[in-house]
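K.L.:
Listed below, chain by chain, are the residues.
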Amino acid sequence: MKITIKDVAHVAALARLQFKEDELEAMTAQLNGILDSFDKLQTVDTTGVEPSTHAVDVSNAFRDDRVRPSLTPEAALANAPEAEEGCFKVPRIIEV
Amino acid sequence: MDFEPVIGLEVHAQMLTDTKIFCNCSTQFGGEPNTRTCPVCLGMPGVLPVANRRVVEFVLKTALATGCTIQKYNQFARKNYFYPDLPKGYQISQFELPIATAGYLDLELEGAVKKRIGITRIHMEEDAGKLMHEINGIAGDSSFVDLNRTGVPLMEIVSEPDIRSPREAVEYLKTMRSIVQYLEVCDGNMEQGSFRCDANISLRPKGREKFGTKVELKNMNSFRHVEKAIEFEIERQRDMLEDGIEIMQETRLWDEKREETFSMRSKEEAHDYRYFPDPDLVPLVIDEDWIAAVRAGLPELPRQRRQRFIDEYGIPGYDADVLTVTKQVADYFEAAVKLHNQPKAVSNWIMGDIMRSLADSRDIASFAVTPVHLAGMIALIDKGTISGKIAKKVFEQMAETGKMPESIVHEQGLVQVSDSGELEKAVQAVLDANPQMVEDFRSGKDKVFGFLMGQVMKSTKGKGNPQLLNDILRKQLAG
Numbered sequence: 001m002k003i004t005i006k007d008v009a010h011v012a013a014l015a016r017l018q019f020k021e022d023e024l025e026a027m028t029a030q031l032n033g034i035l036d037s038f039d040k041l042q043t044v045d046t047t048g049v050e051p052s053t054h055a056v057d058v059s060n061a062f063r064d065d066r067v068r069p070s071l072t073p074e075a076a077l078a079n080a081p082e083a084e085e086g087c088f089k090v091p092r093i094i095e096v
Numbered sequence: 097m098d099f100e101p102v103i104g105l106e107v108h109a110q111m112l113t114d115t116k117i118f119c120n121c122s123t124q125f126g127g128e129p130n131t132r133t134c135p136v137c138l139g140m141p142g143v144l145p146v147a148n149r150r151v152v153e154f155v156l157k158t159a160l161a162t163g164c165t166i167q168k169y170n171q172f173a174r175k176n177y178f179y180p181d182l183p184k185g186y187q188i189s190q191f192e193l194p195i196a197t198a199g200y201l202d203l204e205l206e207g208a209v210k211k212r213i214g215i216t217r218i219h220m221e222e223d224a225g226k227l228m229h230e231i232n233g234i235a236g237d238s239s240f241v242d243l244n245r246t247g248v249p250l251m252e253i254v255s256e257p258d259i260r261s262p263r264e265a266v267e268y269l270k271t272m273r274s275i276v277q278y279l280e281v282c283d284g285n286m287e288q289g290s291f292r293c294d295a296n297i298s299l300r301p302k303g304r305e306k307f308g309t310k311v312e313l314k315n316m317n318s319f320r321h322v323e324k325a326i327e328f329e330i331e332r333q334r335d336m337l338e339d340g341i342e343i344m345q346e347t348r349l350w351d352e353k354r355e356e357t358f359s360m361r362s363k364e365e366a367h368d369y370r371y372f373p374d375p376d377l378v379p380l381v382i383d384e385d386w387i388a389a390v391r392a393g394l395p396e397l398p399r400q401r402r403q404r405f406i407d408e409y410g411i412p413g414y415d416a417d418v419l420t421v422t423k424q425v426a427d428y429f430e431a432a433v434k435l436h437n438q439p440k441a442v443s444n445w446i447m448g449d450i451m452r453s454l455a456d457s458r459d460i461a462s463f464a465v466t467p468v469h470l471a472g473m474i475a476l477i478d479k480g481t482i483s484g485k486i487a488k489k490v491f492e493q494m495a496e497t498g499k500m501p502e503s504i505v506h507e508q509g510l511v512q513v514s515d516s517g518e519l520e521k522a523v524q525a526v527l528d529a530n531p532q533m534v535e536d537f538r539s540g541k542d543k544v545f546g547f548l549m550g551q552v553m554k555s556t557k558g559k560g561n562p563q564l565l566n567d568i569l570r571k572q573l574a575g
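From first to last, the protein sequence lines stand for chains A and B. For the first sequence, position 92 matches number 92 in our numbering, and the numbering has no gaps at all. With positions in the second sequence counted from 1, the corresponding number in our numbering is that position plus 96.
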């Protein structure tokens, strides 16, 4: 076992996901299975191969610094579960 | 025990681009909530961010101006955390491969002591949105999110823990702010939050190599607050260490009203950001040509300009320091000197009356008295049209009305009286009115001269040419 049920619970909490105990167990088993597959990949000899983070070999895609129209506040808020005074309304965040 | 503070600073400088870092929404400050957003900065699924070329140029400028090494191969990373001001659930930042590393800033401390502060790294990232906890002054059980600021480009400049006192910390920040303002990559406004600073502070017994446990300080929005907050924090930690209490690693906020720091309740797991390269943004490769082009376009920096002011205008080092802190003031000075070549007089007026009039606003660029006004007024003094004393009055009126000095002088008949006949009459009248004083002076009491001179100035309503009056008074007293 590479990761424990505790690790899975931690990652779930970071992702704001809630699982029941049996779901956590199932997830732990699945994730360990995935990690086993990665172990297989790790056996490939990559000596002399540059690590890459992207699938395509492209760099330097830029945009010019020119303002284009933004959405209207109505459009921006269209999918918000709740809105008020032009703002997204969320449960109160207790700061400090 | 003698403790030594160890301080490192993190500066977040909002860049002066027209658009956001990954989309074409405007970065303008203010505006109605959620009027500067688009699917990219709202974090809609399936959208693709594209980097703003100017953001890279601005960071390159800053990096080169602070002696950094440019990282040729860059990538953006996702910093994952949930907070309502961050619609995507991650902030696009840089992690393992920041655009610039290993720079420095030279501070000039009191007594011409120089100190070099290392810069660990500079990286690019996007700002988060704004949270409000009340609406129309009423706080309820909701918070409100305005995403106009989401995606505004920031550069984070991290210093080495080389700073040893609150004074040095402020000096570092002033020097850094001056540089980014000269480069025109950030407006440096601390109150509006476009130049923000966090401080990491720990104490260690003097002579010990190992650092103590550090505390992160936030929420300081002026140089004065930075200095006071760090002072307070050093005292707090020293008291604890002297009492044998262990320092807890935490984030503390500065309360400017109570002038103390307090613990920000730290959320558990808050620092598990799970950084990984952002697959939506292709790597950034900066070649030598690009670096050379940016280097060639670097403007004159504060320290170079200071030296040039001393060499070219012959003003004292102190004046050059004050005049070159901000680019606006330095530009103002040079514009005025170009119109009337009296650098020291221009400098005196800027450092004195102008700085006083601007007070906290510091906005010399929109001051009613422009370089044209100031140069014109000093020229009037030099020509003998007005006295230095009257000039103060003219200055006040220029500041109030924005009128040109010549018209103020003519409209109000402030032209200096240099006609000796007229002045002689005025002096005689004063002497006639104060026979005792004249007697006193002649029997050796030099001090009454000042009084008599004051009376004479008063009788000419301040318009008498002081040099001439002085001479006439001396002559007439000598009998």
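Keep in mind that the hints were calculated from the coordinates and are not lab data. Just so you know, these numbers come straight off a predicted model, no measurement behind them. A hint or two may mislead.
Calculated cross-link-like contacts (lysine to any residue; reagent style SDA-like; alpha-carbon spacing at most 25 Å) [said to hold, decoys possible]:
| hint | chain 1 | residue 1 | chain 2 | residue 2 |
| --- | --- | --- | --- | --- |
| 1 | B | Lys-226 | A | Gly-86 |
| 2 | B | Lys-175 | A | Glu-84 |
| 3 | B | Lys-184 | A | Val-44 |
| 4 | A | Lys-89 | B | Asp-283 |
| 5 | A | Lys-89 | B | Gly-340 |
| 6 | B | Lys-175 | A | Ile-93 |
| 7 | A | Lys-89 | B | Pro-180 |
| 8 | B | Lys-184 | A | Glu-50 |
| 9 | B | Lys-184 | A | Thr-53 |
| 10 | B | Lys-175 | A | Glu-74 |
| 11 | B | Lys-168 | A | Glu-50 |
| 12 | B | Lys-184 | A | Ala-61 |
| 13 | B | Lys-175 | A | Ala-15 |
| 14 | B | Lys-168 | A | Ala-55 |
| 15 | B | Lys-353 | B | Glu-106 |
| 16 | B | Lys-306 | B | Asp-351 |
| 17 | B | Lys-175 | A | Ile-3 |
| 18 | B | Lys-184 | A | Ala-78 |
| 19 | B | Lys-168 | A | Ala-15 |
| 20 | B | Lys-168 | A | Thr-53 |
K.L.:
Against each hint, give a clear statement of whether it holds in the structure.
P.N.:
Tested hints:
At roughly 13 Å between alpha-carbon atoms, B:Lys-226 and A:Gly-86 fall within 25 Å of each other, so this suggested pair holds. Annotation: proposed proximity of B:Lys-175 to A:Glu-84 is violated, straight-line Cα distance about 29 Å (limit 25 Å). Note on B:Lys-184 and A:Val-44: the hinted pairing is violated, with a Cα-Cα distance of about 35 Å set against a maximum of 25 Å. Between A:Lys-89 and B:Asp-283, the direct Cα distance comes to roughly 31 Å. Violation of the 25 Å bound is thereby established for this hinted pair.
Between A:Lys-89 and B:Gly-340 the CA atoms are separated by roughly 47 Å; this puts the pair beyond 25 Å, and the hint is violated. About 20 Å separates the Cα atoms of B:Lys-175 and A:Ile-93, which keeps this hinted pair within 25 Å; it holds. For the suggested pair A:Lys-89 and B:Pro-180, the alpha carbons sit about 10 Å apart, so the restraint of at most 25 Å is met. A distance of roughly 30 Å separates the Cα atoms of B:Lys-184 and A:Glu-50; the hinted pair therefore is violated under the 25 Å criterion.
Taking the CA atoms of B:Lys-184 and A:Thr-53, the gap is about 20 Å. The hint holds against a cut of 25 Å. Using a Cα cut-off of 25 Å, the hinted pair B:Lys-175 and A:Glu-74 is violated, with the two alpha carbons roughly 29 Å apart. Proposed proximity of B:Lys-168 and A:Glu-50 is supported: the alpha carbons are some 15 Å apart, at most 25 Å. Proximity of B:Lys-184 to A:Ala-61 is assessed by CA-CA distance (about 21 Å); at most 25 Å being required, the pair is judged to hold.
Proximity of B:Lys-175 to A:Ala-15 is assessed by CA-CA distance (about 13 Å); at most 25 Å being required, the pair is judged to hold. Taking the CA atoms of B:Lys-168 and A:Ala-55, the gap is about 20 Å. The hint holds against a cut of 25 Å. A threshold of 25 Å between alpha carbons decides the hint, and for B:Lys-353 with B:Glu-106 the separation of about 23 Å falls inside it, so the pair holds. With a C-alpha separation of about 30 Å, the suggested pair B:Lys-306 and B:Asp-351 falls outside the 25 Å cut-off, and the hint is violated.
Taking the CA atoms of B:Lys-175 and A:Ile-3, the gap is near 22 Å; set against the 25 Å cutoff, the hint holds. Pair hint B:Lys-184 plus A:Ala-78 holds up; C-alpha atoms about 17 Å apart against a cutoff of 25 Å. Distance restraint check for B:Lys-168 and A:Ala-15: the Cα-Cα separation of roughly 33 Å exceeds the 25 Å cut-off, and the hinted pair is therefore not satisfied. A C-alpha spacing of about 16 Å is found between B:Lys-168 and A:Thr-53, which places the hinted pair at or below 25 Å, so the restraint holds.
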